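Mapping of the sequence shown onto numbering that gives the first Met the number 0: residues 0 to 572, in sequence order.
Source of the hints: derived by calculation from the structure; they are not laboratory data. A couple of the hints might just be wrong.
Listed below are the simulated PhoX-like cross-link pairs for lysine-lysine, each with C-alpha atoms no more than 25 Å apart in a straight line [claimed, not checked]:
1. Lys202 with Lys259
2. Lys202 with Lys140
3. Lys259 with Lys428
4. Lys111 with Lys59
5. Lys340 with Lys259
6. Lys251 with Lys428
7. Lys506 with Lys111
8. Lys292 with Lys111
9. Lys428 with Lys340
10. Lys58 with Lys111
11. Lys202 with Lys340
12. Lys307 with Lys292
13. Lys292 with Lys223
14. Lys58 with Lys292
15. Lys140 with Lys58
16. Lys307 with Lys223
Every value quoted in this text rests on a predicted model; they were computed, and no experiment measured them.
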Amino acid sequence: MVILSYLLVLMSLIAPFLIGKVLGKNFFEQDSAILIGLSLQAIVGLIISVFVGGYERLKKKTVLLGYAVFFLSTGLCFFAGKTIWLILFWELSTVSGFLLYQGESWTSSSAKSFIALLLASGVGILCFTYWIYSPDDDLGKFFLVLGLLVKAEFFGLHFWLPEVHAGAPPHASAAYSGVLVNLPLILFHQLVVPWIGNSVIIKILIPLAGFGVLWAGLSSVFAKDVRKAIAYSTVENTNFLMLCLLLSALWKDSNIEGLKVLSVSFSFLFFISLIHHSISKTFQFLSIGYLIKLSGSSNIDHNTGIGKNSGLSTALLSLGTISFLALPGTTGFLTEATFVKLVAGVLEIPGQSAILILPLLILVSSGLALGAVGHLRIFLGMVISRPRTNWAENVPPRLVRYSLISSGALILAISLGISAYTLYYSPTKDWLDENWYRGLASVNLIGFLTILIIGVFGLRTKIERRKLWDCGGNYKGSDVAIPSNGISDPLIGSLGGYFTNENGSSKLDEAILNGIVKLLDTFKTQVNEADEETISINLAFSSATVVLLLFLIIGLKLAEGDLWKLFLDTLTR
Numbered sequence: 000m001v002i003l004s005y006l007l008v009l010m011s012l013i014a015p016f017l018i019g020k021v022l023g024k025n026f027f028e029q030d031s032a033i034l035i036g037l038s039l040q041a042i043v044g045l046i047i048s049v050f051v052g053g054y055e056r057l058k059k060k061t062v063l064l065g066y067a068v069f070f071l072s073t074g075l076c077f078f079a080g081k082t083i084w085l086i087l088f089w090e091l092s093t094v095s096g097f098l099l100y101q102g103e104s105w106t107s108s109s110a111k112s113f114i115a116l117l118l119a120s121g122v123g124i125l126c127f128t129y130w131i132y133s134p135d136d137d138l139g140k141f142f143l144v145l146g147l148l149v150k151a152e153f154f155g156l157h158f159w160l161p162e163v164h165a166g167a168p169p170h171a172s173a174a175y176s177g178v179l180v181n182l183p184l185i186l187f188h189q190l191v192v193p194w195i196g197n198s199v200i201i202k203i204l205i206p207l208a209g210f211g212v213l214w215a216g217l218s219s220v221f222a223k224d225v226r227k228a229i230a231y232s233t234v235e236n237t238n239f240l241m242l243c244l245l246l247s248a249l250w251k252d253s254n255i256e257g258l259k260v261l262s263v264s265f266s267f268l269f270f271i272s273l274i275h276h277s278i279s280k281t282f283q284f285l286s287i288g289y290l291i292k293l294s295g296s297s298n299i300d301h302n303t304g305i306g307k308n309s310g311l312s313t314a315l316l317s318l319g320t321i322s323f324l325a326l327p328g329t330t331g332f333l334t335e336a337t338f339v340k341l342v343a344g345v346l347e348i349p350g351q352s353a354i355l356i357l358p359l360l361i362l363v364s365s366g367l368a369l370g371a372v373g374h375l376r377i378f379l380g381m382v383i384s385r386p387r388t389n390w391a392e393n394v395p396p397r398l399v400r401y402s403l404i405s406s407g408a409l410i411l412a413i414s415l416g417i418s419a420y421t422l423y424y425s426p427t428k429d430w431l432d433e434n435w436y437r438g439l440a441s442v443n444l445i446g447f448l449t450i451l452i453i454g455v456f457g458l459r460t461k462i463e464r465r466k467l468w469d470c471g472g473n474y475k476g477s478d479v480a481i482p483s484n485g486i487s488d489p490l491i492g493s494l495g496g497y498f499t500n501e502n503g504s505s506k507l508d509e510a511i512l513n514g515i516v517k518l519l520d521t522f523k524t525q526v527n528e529a530d531e532e533t534i535s536i537n538l539a540f541s542s543a544t545v546v547l548l549l550f551l552i553i554g555l556k557l558a559e560g561d562l563w564k565l566f567l568d569t570l571t572r
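Produce the entire structure from the sequences given, and follow the hints as far as they go.
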């Protein structure tokens, strides 16, 4: 049965490509963004399914079945267009998340996680419903943008995401951050970027996206829950990706040739950043999630030194962190270097538009740097540090090790692929600076070889006598450990106190959630006692009922012929 479940997952990853070809999608020209999204889903999906085989012990077949539904429905959303199929497939991908939680017992955090996921899905579906059934006017477009911003964790609409990751299994978090978040971003590129450049709303969204990068980076540094810290890093990355799309749309129709070049360049930056985020964040959620399972706690200081007893090498566990630190040889290096190049390009463009954007880009640079510090803080405390607790020695399952090795190798290999792409096309593309990308490729190759040499010789070298930190005294006490709060606590007085409370939770997110709870309390008439598992099951059944009703509506409309004609017209445009 497990083999059959894996076959279903494999079919769900391949089927969207075949359906796209049947529908006449041109994956190598105008639909290349969809090809990138489906390719990332296929690669990340395979890695996640392998991880599930080693991580889950109970209901493994149920979890894999959930992923088969999740990947298929998410892939079909790319082709749905302005039809009710978009609502159906997106809601189906959300409901399938209930199966992803079945490998572990329900807890308060997992129940909150699933509830937050359904809340965000419900808000997004309401917005998409209005857009689908409204005429092609400004109000309909507004609801389309709003729905995509909610799904893409845009600043101010992101409050649900940390709660989702705080209670989700690590493979589910990897799927949400490495696969599902790509969908609204690519749909924004396909459906919104062509027209939003001339609208008023873009002047509001650009500064919000820039501030969102800075705010999420700060929240990542001060979060005390490891999973929430990585979740805030996801918010930082998605806001950066959205900023790239908005700047590309802003300058797309400019009369200044330099701004047009920057528009295409920011679009290119969006795609390489999307690849970097998808692969690197998948690795982070899987690796850190596995360490959390060993320790039994997600508190960052409680996990001090757990990596030493995980059975996984420090070199392997470092790959996600060095990518977000933008070290040469990783996808993160190409992303950050390209961004720096474009910031310098903005300085060279005459005109008020570019000058007004420059201070915002400086804030974004600060946010990206803080996000990197957040990842470094986790790595130093959990992997490099001496353990504060006598953790039992662990031998990781083979499938867990294979999935982490493959995702870590992709972080390095894809950087070479992107460098090869820029070298091949830079002579013929005005927006690719040939000299710059040739030098960038050289530095990236040197970094890749350095990482490879260190990794190979580090694995082959046997440590005969380990030198400790106290200058030869061989003191092995836990008080020489590197606490993660040693990095964040000195900054609480100057920065952290304005954004987070004593528990490391975001003040903004808590204010939004408390406001929602108070609003819901006004409609409460009776308190019914129920445990977390019952609440989550009831919500899952409610969502499944919505999906069944959508199927019924579609069936009735198909019988009438109107919806079928609309669907075919949308696909053949």
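Of the numbered hints stated earlier in the document, which are not met by this structure?
Failing hint: just 15.
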